[in-house]
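Colleague: Sequence:
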Amino acid sequence: MKVIAGVAFKGGVGKTTVLSNLSISFIEIGLKVGIIDLDPQSSVSSWGEVRESEEPMISDAKAKTLGKFIEAGRNLGLDLMLIDTPPSASIEAHEAIIAADYVLIPCRPGYYDLKAVTTTTNSSRIAGKPYGVVFNAVPPRGERGDQAIIAVRDELRAAGVTVLDVLIHQRSIFSSSATTGSTAVEQEPAGKAAAEIRSLRDEIVKQANIQTSTRSSKRKVA
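Heads up: the sequence shown runs through residues 1 to 222, numbered per the UniProt record's numbering.
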């Protein structure tokens, strides 16, 4: 079982939205997925409570019990465990980084967000964990706007920061689907938002060396 921690030492970056949508995209390719909610706001747990599906398996936990929940996931035969963390440099976030095989760092393409992302990437490096920064909630300004973000991405890469290729744009389907315990991947499977989430999933599969051949075929979430 692989463990992926979603970490951002700044609020408002859409970390929970990215993780919830990612969980469904991983289920789509046949993986058994769980989510551990370490955020005191319990956002992903609230999302799970209104879902009509029992997948992914969601557990509300504390930092001191994180190891037990991860071990429980292994015993249940899960392929992948995602960890949602508080939007700060908290004990929970640091414990999640230590426990993770891979750290996903959502970041909005704004000045203060870019300043904060350095602290998060440094924590991952100190812990010796592979990580990837993903630009999230990118304003949908067309190709010219995306080129400006890509230029920033290239500057970060030149400075030694691992930034993923995909850009996750700000789309209304992300927020509207979350209110019903759903995701963009489920409500608009052929839409642009779902395509971006799947591209992010595929990048993570490669970077985190996630085995996707444990299930015979792709499946839909009930």
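Check each hint, because a few of them may be wrong.
[Unchecked claim] Each pair of labels, with its calculated beta carbon distance range: (1) Arg125 to Glu155: 26 to 32 Å; (2) Gln187 to Gln41: 37 to 43 Å; (3) Val152 to Lys62: 33 to 39 Å.
[To be verified] Here are the computed lysine-lysine pairs in the DSS-like style, where the Cα-Cα straight-line distance is at most 30 Å: (4) Lys206 to Lys192; (5) Lys2 to Lys68; (6) Lys192 to Lys68; (7) Lys192 to Lys64.
It is worth saying that the hints were derived from the structure and are not from the lab. Heads up, the beta-carbon is just placed ideally off N, CA and C, and yes, glycines get one too.
Colleague: Next, verify each hint and record whether it holds.
Modeller: Hint check:
no., hint, result
1, Arg125 to Glu155: 26 to 32 Å, "violated, 18 Å"
2, Gln187 to Gln41: 37 to 43 Å, "violated, 23 Å"
3, Val152 to Lys62: 33 to 39 Å, "holds, 36 Å"
4, Lys206 to Lys192, "holds, 22 Å"
5, Lys2 to Lys68, "holds, 15 Å"
6, Lys192 to Lys68, "violated, 37 Å"
7, Lys192 to Lys64, "violated, 39 Å"
When the structure is compared with the earlier hints, violations turn up for hints 1, 2, 6 and 7 and for no others.
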